[in-house]
Every structure is written in C-alpha cells, then in structure tokens.
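First to last, the protein sequences are chains A and B. When the letters of the first sequence are read in order and numbered with my numbering, they come out as residues 1 to 148. When the letters of the second sequence are read in order and numbered with my numbering, they come out as residues 1001 to 1387.
Treat the hints as calculated values from the structure; they're not laboratory data. A couple of the hints might just be wrong.
To give a feel for the contact side, a few chain A residues facing chain B, derived at Cβ under 7 Å [what the hints assert, rightly or not]:
1. GLY14
2. THR17
3. LEU18
4. LEU19
5. TYR58
6. SER59
7. PRO77
8. TYR80
9. LEU81
10. ALA89
11. SER114
12. MET116
13. ASN128
14. LEU131
15. TYR132
16. GLU142
Below 20 Å or equal to it, Euclidean Cα-Cα: the simulated EDC-like pairs (lysine to aspartate or glutamate) are [unchecked claim]:
17. LYS1055(B) x GLU15(A)
18. LYS112(A) x GLU1216(B)
19. LYS121(A) x GLU1315(B)
20. LYS1113(B) x GLU24(A)
Glycine included, every Cβ here is placed at the ideal spot set by N, Cα and C.
Each chain is listed here by its residues.
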Amino acid sequence: MVNMERLIKNYSCGEITLLEIFEEIARQDGYVSFDKLNSLSRELRIPLAKLYEAASFYSFLPTAKQGKYIIRVCNSPSCYLKGSKSLIAFLKKELKIGLGETTKDGRFTLKKASCMGCCDKAPAMLINGKLYCSLNKSKVREILRGLK
Amino acid sequence: MQVIEKTRWSGLKVALGMPKRKVIERVKSCGLTGRSGSEFPTGLKWESMAKERGKKYLICNADEGEPGTFKDKFILDNNPKILIEGMAIAAYAMGIREAYIYLRGEYSYLKKKLERAIRESGPYIEGAGLEIKVVLGAGSYLCGEESALIESIEGNRPIIRKKPPFPTEYGLYGKPTCVNNVETLSYIPLIILGKWNPNLLLFSLSGDLKNPGVYEIAAGTTLKDVLAYAKPSMEPKAVYFGASGGCLPYKLFRDLPIDAKSVSENGAILGARSLIVVGQKWNAAEISKVLSEFFVHESCGYCTPCREGNFRLLEILNRMCSGKGENDDIAHLEKLAPHIRDTSACALGKVSTAHLLCGLKYFRENFVELAKGKKSIGLKEETEKCR
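Start from the sequences, fold in the hints, and give me the full structure.
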C-alpha cells in the first residue's frame, strides 16, 4: 500500500511534484485510482477535476485497474520494420487477450506504446518499466515464463 | 565522439574563472543551436535569461519522444557527467540555482544512474551553487515541447502554452526558465575549453539496417557514405526523418549531404536528426498508417484539426491497408492532410501529417494501388480500446 501521508508531507515541503505522487501511486498500486485522487484532493485542497485531468493525460498513469504486469510493445516505425506487428500478434495469441485488455487471472495487460528510444535494438517492449529489446518469439516466450 | 569525452571538470573550472558575460559571449560566438531540432541559437536564449532578475530555473529536456531518436539516451547512458558539467556552467552563466532534468518515463531505468552521477558530482555543482533534481515523465510525447514540459512539472495537464510570453520570461512557476536539450548542454564544457567541433553532428540511425545506432557525422557527408557503415539489410526505398519530418526517396537523397538545407529543399524536415531507413519491400501507406497511429495516440486533444483530423486519416489509411480502399480515398487524404498542417494550434500538430504529404508526393503509386481496393497488404484493423 502507498504511504499517502509520507507522499503528501514530501509534496508539502516541495521535495516532490504532483506528477511524482501520481507516479508513486501507479508504481505501487498499478494504477491511479479515483479513491486515491479523491483523498489527495481533500488533503491538498486541490479540486479533484484538476488532479484527474492531469493524471489521466499520461499513458503511464492508467486510471483503471490493470494487470500485475503491463506489457507495452513499441509501435514506432523502427520497431514496426523489425516485426513488432507479429510480436503483438504472438503476445495476443499467447495471452489470449486483445490490445488494451487484461488476462482473466489479472496478471497481464497488453498495450501498444509510442517509441521507447530503443530503435537500434528493435523490436522492443517495456514491462513495468523494465526494457526488453532485440526481441523474437522465443525470447518473448521465455520472458513471459519468467514472469508467471 | 566528442560528446563521450570523460569529464575532468576543467570546463567548469575555466568557466567559474570567467565573468558570466564572457561565458555567454563564447557560447553565442561559437554558433551552438538547440539540438532538439528547433535550431534556436543557445547563446541568445541564455542572454535573455541573464537579463532577468530574481528566481529562475534551468531545465534539461531529456524527453526525446520523437520516434527513431535515441541520441540523448546515448549521452545519458554513456556520459551523464558531461551533461551535469554543462548544466553547472549554464547555471553559473545565467545566475540560476535550481535545475531540473525532465527524464522521459520510458527511460525510467536511467533515473538511478543519473541520480548517482549527480551525487558523485556534488562538490563540483555545489561549487557553482546549483541544485539538480531529476523529474520522471509518464509517457507523453507532447512533454518534449518546452511549455508542455513546464506544465507537466507543475503538475498540470501538459497542454502547450500560448507564446509569447516565452518560457525565458514566464516559465516554471511563473519564473524565467531556460529549457535546453541534453545534447546542447553536453557540448557546453567542450565549448568553454575550445575543443568543440561544430561540424560533427549526432544522428540516430535505425530501420532496415545491419548496424543501426548513434553516429557522429561530419557536416556535408552524403547519405550513401553513411549507409556504407550502417549497411542496409535490403535495398533502401526511403528515409523517414522521425515521425514528424516526412520522408525522402533514397534515390533522390542518396547523393545529397544530410543537412537541414538539402532536406527542406525537397519538402521534408530534418528535425532531431533521426533517420529511419525503410527498405524496398514496404508500402509507404503502411508506414504512414503506423505514424498516424502514433499521432492519434499522442495528440493532446486541445485543437480539433489535430485531434479529429489525425483520427480520420488513420481511419482512411486503415481501410486502404486492409484491402477496402475506395476511389476517393486519396482525394480525402489530400484534402485533410494540408488542412491539419495549416490549422493545428501547435508545432506538433502542424508536422503530424508531413509523413503523409511526403509519402503522397514521392510514392503516390503505393497509395493508388491500395485505393483501387484490389490489394491488401494483410493488415487487419487494430485499434486499442480507448483508455
């Protein structure tokens, strides 16, 4: 669980920014829940709408519950040329979900993502902030096995 | 490469012994321009910052979201201390005591490394009276634009601000703020020591190549010479300049020097110097579809042309690529794309259709064969459910 008191204290003395509070919540809970935003709004006396409009903008701050592991496959042209499309198809088949969906057991969420700056080692994907590059099917299968 | 030279902090020492005015003068006279693609003279920005009084901020823009660009990551990963030294010199010259490095969320794994480099540089940056903090972004392309980046640090929805006032007058928390790119700041120590070679430029090369990576290329080198090292894995068809620079056919560009002038004379934009080499087997419409997906995902939604226009473009391109092209599809694309370019509110919206305009100009036959609806390149529509 997120230590909201500590986050709010750090924010009040100017050590962290609002964005960093959101990121910390997303890192620990997997998403930024409405309840958390609500309590932040009360504590910080910032309108809930303002917090929600900021948090909901970012792709790395989901506002709905996600899988334990969020798989983001890079969809930039460099990765596309190196086969990110078939990688996504493979992941869909392997996890039995579509893009933007979460597996029934709540372990994996599959997403397409914008360029992650790994174009020289394409195709690439991020799983909970960890980068995997120069991917192929057998590598992906191994990575998934390691996470299960 | 000049940018990976090991830091001995001698640039900072020399700078601290010089009057602030002289440091700015030197940066100005050497002709350094913003390396994010904007090419704004760095010295001029610093000069207007130095005139401002009271609290001010320095922000290092490490949010390189442009597809195909990874030169800043290369510096952050291999030589973060030269960046920190550059920031310390910049802060001294402009009289700044507080600085931020806005690191993109995709590079979160570099945050610890960067913070360690800052800790290790402690005595030196304290000598310049500076405090540096790393702020992590959360996956937004738009935050690479300086005013959106400032809104993001402030905790607001990162929508681009109207200019003027420019950040150098009204920036972070309403104070004058200087936003510089990683590569730009990393050259500062070398400039102070008189070791900087302005003719050497960093390029990110990717795509259908055997040796992709960051290359340092002398001004005036032709594409053919560069590709002799990067080794295409198949006969090249076109070169895309990131997502927002458009493209040029390989045949046309092969013998031209890779510089902003020769690229823009042919209707594309060099930008942040990322070259994505696309092989013969690809259809230009397919690449445009991928880039359209990117812009639909990253459009902030503030202005209608970019938000709705790109959405419609993607709809048409999806249809064409899945073998359901219609005869008037090209006419629609040709009407919509210039409209988005001319009426979008910010620079990112204005360049969001460059790939399509260049694609239609140079590879029209690719689009025509799909518009006839007879050929499918085996693409099924794949749209992620809305967030």
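Evaluated hints:
1. GLY14: This interface hint is violated because 10 Å lies over the 7 Å limit.
2. THR17: This hint holds: THR17(A) lies near chain B, its Cβ roughly 6 Å from the closest one there, short of 7 Å.
3. LEU18: holds, 3 Å
4. LEU19: holds, 6 Å
5. TYR58: holds, 4 Å
6. SER59: This hint holds: SER59(A) lies near chain B, its Cβ roughly 4 Å from the closest one there, short of 7 Å.
7. PRO77: holds, 5 Å
8. TYR80: holds, 5 Å
9. LEU81: holds, 5 Å
10. ALA89: violated, 9 Å
11. SER114: holds, 6 Å
12. MET116: holds, 4 Å
13. ASN128: violated, 10 Å
14. LEU131: holds, 6 Å
15. TYR132: Hint on TYR132(A): violated, closest Cβ of chain B at ~11 Å, above 7 Å.
16. GLU142: violated, 20 Å
17. LYS1055(B) x GLU15(A): Holds. LYS1055(B) to GLU15(A) sits at ~18 Å (cutoff 20 Å).
18. LYS112(A) x GLU1216(B): Distance ~31 Å between LYS112(A) and GLU1216(B) Cα, so the pair is violated.
19. LYS121(A) x GLU1315(B): Since the Cα atoms of LYS121(A) and GLU1315(B) sit roughly 30 Å apart, the hinted pair is violated (cutoff 20 Å).
20. LYS1113(B) x GLU24(A): holds, 19 Å
Checked against the numbered hints given earlier, this structure breaks hints 1, 10, 13, 15, 16, 18 and 19; the rest are met.
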